[in-house]
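Peer 1: Sequence:
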Amino acid sequence: MKPPLLPYRIWTILLPVIAAILIRLFWIFPFSVTDNNLTPHLVKGDIIAVDQMAEWTRGDYLVYKNPLIEGWNPLSAGKCKALPGDTLYLYMTWQQNHKPQNRLLPFIIPRKGIPVKVEPWTTRLLSNALFLYEGRNICQQCDSILVVNGIPLNSVTFTQDYIWISSSGKNDSATGSTAFGLLPASMVVGKVKWKTLESSKNKKPFFSRLFQAIDK
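Quick note, the sequence shown lines up with residues 33 to 248 if you use my numbering.
Treat the hints loosely; a few may be bogus.
Under the rule of at most 25 angstroms between Cα atoms (straight-line distance), these lysine to any residue pairs were calculated in the SDA-like manner [unchecked claim]:
#	residue 1	residue 2
1	Lys149	Trp104
2	Lys76	Trp104
3	Lys149	Met124
4	Lys97	Thr189
5	Lys113	Phe61
6	Lys76	Phe61
7	Lys227	Trp88
8	Lys225	Asn68
9	Lys144	Asn98
10	Lys149	Ser176
11	Lys97	Ser176
12	Lys225	His73
Label-pair restraints from in silico Cβ distances [stated by the list, open to error]:
#	residue 1	residue 2	range
13	Ala86	Pro106	14 to 24 angstroms
14	Lys131	Asn105	24 to 34 angstroms
15	Glu87	Asn129	47 to 57 angstroms
16	Thr189	Trp59	28 to 38 angstroms
None of these hints come from the bench; they were simulated from the model. In this text, all values refer to a predicted model and were calculated from it rather than measured experimentally. Using N, Cα and C, we set each Cβ at its ideal position, and we do this for glycine too.
Make a model of the complete structure from these sequences and hints.
Peer 2: And the structure:
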């Protein structure tokens, strides 16, 4: 007698487990997306395959160590918008005559050993990176002046290469309110290669989602 086929629900559980075991043999691991910030490319509940050995560049979706997450698995997914030395244009918002004003301003992504000019509007971005990743003593009360170890600086040199990670589908902001922002390149875990399983909200058959590439 022919054995009965496994129910569909069992396959949706079993196949991701088998895939996870196989892909780990090739330095690839599964990761579950935890929010909807990257909609429509990635949504909460998607399970993606992350290649730890693949080279990556601007426009790629990456999984990285998030210093703002506590716990045993402090990982997040985001899109690489700029590489070390790139010029990224960020939105700066300020009040003028009681009306909000927006302007795109150029921001150079820090490279190891290369001085970065400090502008009043970049002080917050640079201060956060210096404090979080460089271990510098930063003046938290200084508004538009970068003060490191009690010394005001017109330029600052970083000890690591940085990239810009966007964790939102919106425009990147100089305040960091709609994007994660600067991140040491060394904190990137791997490049998102494909989806192994989409969110349960998508009712398509499982096999139509297996190894689905991520569009840039």
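Peer 1: With reference to the structure, classify each hint as holding or not holding.
Peer 2: Consistency of the hints with the structure:
A C-alpha spacing of about 37 angstroms is found between Lys149 and Trp104, which places the hinted pair above 25 angstroms, so the restraint is violated. Among the hinted pairs, Lys76 with Trp104 is consistent with the structure: their alpha-carbon atoms are about 19 angstroms apart, no more than 25 angstroms. Of the supplied pair hints, the one linking Lys149 and Met124 holds, its CA atoms being roughly 17 angstroms apart against a limit of 25 angstroms. Pair hint Lys97 plus Thr189 holds up; C-alpha atoms about 23 angstroms apart against a cutoff of 25 angstroms.
In summary, the hint linking Lys113 to Phe61 is supported, as the alpha carbons are separated by about 23 angstroms, within the 25 angstroms threshold. Only pairs whose Cα atoms come within 25 angstroms are accepted, and Lys76 paired with Phe61 is accepted, the gap being roughly 17 angstroms. Note on Lys227 and Trp88: the hinted pairing holds, with a Cα-Cα distance of about 17 angstroms set against a maximum of 25 angstroms. Restraint check for Lys225 and Asn68: satisfied, since their Cα atoms lie roughly 18 angstroms apart, inside the 25 angstroms limit.
With a C-alpha separation of about 20 angstroms, the suggested pair Lys144 and Asn98 falls inside the 25 angstroms cut-off, and the hint holds. Between Lys149 and Ser176 the alpha-carbon distance is near 13 angstroms, which keeps this suggested pair within the 25 angstroms criterion. At roughly 29 angstroms between alpha-carbon atoms, Lys97 and Ser176 are farther apart than 25 angstroms, so this suggested pair is violated. Between Lys225 and His73, the direct Cα distance comes to roughly 12 angstroms. Compliance with the 25 angstroms bound is thereby established for this hinted pair.
Checking the proposed 14 to 24 angstroms range against Ala86 and Pro106 shows it holds: the Cβ atoms sit about 21 angstroms from each other. Remark: the range hint 24 to 34 angstroms for Lys131 to Asn105 is contradicted by a beta-carbon distance near 44 angstroms. Against the hinted window of 47 to 57 angstroms, the Cβ-Cβ separation of Glu87 and Asn129 comes to about 49 angstroms, which satisfies the hint. Look at Thr189 against Trp59: about 33 angstroms separates their beta carbons, and that is inside 28 to 38 angstroms.
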